[in-house]
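S.K.: This is what each chain is made of:
Protein chains: 2
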Amino acid sequence: MLTISNRGQQMPPSPIRKLVPFAEAAKKKGIKVYHLNIGQPDIETPPAILDAVRHADLKVLEYSHSAGNESYRRKLVQYYKKVGIDVSYDQILITTGGSEAIMFGFFTCLNPGDEVIIPEPFYANYNGFACAAGVNVVPITSTIETGFALPPIEDFEKVITPKSKAIIICSPNNPTGYLYSRREMEALKDICIKHNLYLFSDEAYREFCYPPEDGRGAGEYVSAMHLEGLDQNVVLMDTISKRYSACGARIGALVTKNKAVYDAAMKFAQARLSPPGLAQILGEAAIDLPDNYFDAPKAEYMARRDLLVQRLNAMPGVFCPNPGGAFYAIAKLPIDDADKFCQWLLEDFSYKDQTVMLAPATGFYGTPGLGKNEVRLAYVLNLGAIDHAMDCLEKALEVYPGKTITSQVNSSSLTS
Amino acid sequence: MLTISNRGQQMPPSPIRKLVPFAEAAKKKGIKVYHLNIGQPDIETPPAILDAVRHADLKVLEYSHSAGNESYRRKLVQYYKKVGIDVSYDQILITTGGSEAIMFGFFTCLNPGDEVIIPEPFYANYNGFACAAGVNVVPITSTIETGFALPPIEDFEKVITPKSKAIIICSPNNPTGYLYSRREMEALKDICIKHNLYLFSDEAYREFCYPPEDGRGAGEYVSAMHLEGLDQNVVLMDTISKRYSACGARIGALVTKNKAVYDAAMKFAQARLSPPGLAQILGEAAIDLPDNYFDAPKAEYMARRDLLVQRLNAMPGVFCPNPGGAFYAIAKLPIDDADKFCQWLLEDFSYKDQTVMLAPATGFYGTPGLGKNEVRLAYVLNLGAIDHAMDCLEKALEVYPGKTITSQVNSSSLTS
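Which chain is which? The protein sequence lines are A and B, in order.
First residue of the first sequence: 559, per my numbering; consecutive thereafter.
First residue of the second sequence: 559, per my numbering; consecutive thereafter.
Honestly, the hints are just simulated from the structure, not real lab data.
Since we're looking at a predicted model, the values are computed, not measured.
Chain copies aren't distinguished; within one or between two, either way the pair holds.
Subject to a maximum C-alpha distance of 27 angstroms in a straight line, what follows is the list of computed DSSO-like cross-link-like pairs (lysine-lysine):
#	residue 1	residue 2
1	633	617
2	587	898
3	590	890
In isolation and in its complexed conformation, chain A is listed as follows:
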């Protein structure tokens, strides 16, 4: 009999996309669905970079260099310099989205059976690439009570074995929005050096760091590449998807000063010939955007974050730590089961013919059973839409059959 491979069977389906059929059914019933479930921003792709593709003088759309066009890599050197990362063009490998950078990192650095340590909750697709590479994911739990800060280093020490080869971090984080402090980054550096671990640093949301709600701290972005003495350990995984709201371009980069890693990753890059050509033109043009380009989207995301977090925390029994970056937040809800609740929102609930689509947090944890009363919200819609979505959620929590608090009274009135 023809069989599917073990990894093909074990490969996890996307936890975010599994609710899509229920959303489609809701829309067919005439219900408007606010999509806070996926990281697809509504921010316009800068027209100037789309125009660069429109006006490109192309006769033959040829393969590019397997590492990407040299002109693009040389311009990226300037970009990285602006964010305090000093690399040369031959330390940059252009990839098909950040996804391929992650995949190349796994294939280049880890053997089947090796372990990668990831603070959870984490970007669910790390599971997929680990499965493809035959690598085991070892989660270290961060908690909503600390706002998803880096778990204590002792927790890492406890799980490190001879099979441990890498730690993956994502800061600012998807799905939590947490931004690692310099102190936390230094702690990660120490453990990577002590145990000879690669540090895979997913920095897709670099541009979106916000001052904390309470005004304390600077919202300082610290790249793994800012850490002195860690050059050989760091594999930076980057993408233009979120930076320029160009998710569909599929342009990312693997950046490393470790020449052996670069050279091996390059062989995987050669096998797939080249990254997308049209989108490299777009990526290269993005380096010429004015320095203040990010001011507007960043201010927009911050206003959305403030509204979202304020609305969530005003709901009885809801807790949402204030995220320091990216455009995600995880909220704890007074519900029995996030998967059931998110499906119920689409299948059985509407408020003024509207509902909201959220991502159950269970899909972001590696440890079974965690995240059952948590959801991830992506604040990728405008303020008006977020407000309407929060109206829906507020009403939904009042009537959801699986709610775990009975009082409808606002917590502030309880203490008055």
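Given chain A, work out where chain B should sit, using these hints.
M.R.: Positioned in the frame of chain A, the structure of chain B alone reads:
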């Protein structure tokens, strides 16, 4: 110590690209290099499909569906119908080039340690994807004397083990240009059914099938999907790279009627989110090209083939079978070592300040030692350039220190 993974170490470097530094050095010396070494055609990408991208009404370059835009997949159904392949849109998964289709096939259908049987010489990057997937390549030798026809089925039977899971074919073939006949395709079908093997069919060059030089036979293209009763076994790996001279687009497709394979491949597709967005617009527009679009490039390639093969066979000690399709030919040369010769052409030879870059055939064989006096020539340059390149090759064979024939006399004059 930080280490590179075993597969990262074992991953073969591109056999085609390893001569690039020598070509660059030659160019720096002022020598014109005719690139017959890579399958990058000089045929213009149809302006209409580039215009479709230029005029696309895009505000946000969003993720597409992980299987590719539904509108594109629905149009591809029409395209496949025209080439006699009857599939529905949900049996088509748009991939990042044919490369990703090959990779998804390996990951979905084969376990580490499983074996894939490939008639050699074969497209060298199959080795790379096999290495990434931990799969062992078992070559079956086809020979230049038969024009690289399908080896006898007994040769397949001899190597089949319980670990054998798939056969890969590419017809018309890269690197040989051989076009499998219906009889050969039926023989492959029989063995796949008998031994429960997947048939991975790389049909990148479908549009370029030529009548044989002697006028016998029709140059009939037979797809694996034309074979009755093989639906569950066939995984078609396709690309628009060569069809529309759009190698840099990175748009391909995995097509299969085996739902379990499709569903498992879809999970790998979800992990990488979506195929390139801009290039899907280009791919979709290509379906609307007039039916006679292929007439001109096909006639052009045929004229090039005729010139190339005629020139090669007129050189003393050279033999080049006439390829039935694609835009490659393999020639046997009177030389000691193809790798040395190809490097020597770039490093130590020029004729009227020109030389030619060829691909040593050794990189296309899985069996060590084979192909040592063979080179692959890609007829991707115009007739004038091919003629000049053949002048260079002819002169080079006269003076190459490692030549294996001493007479400069033309073979036709020997028999007169």
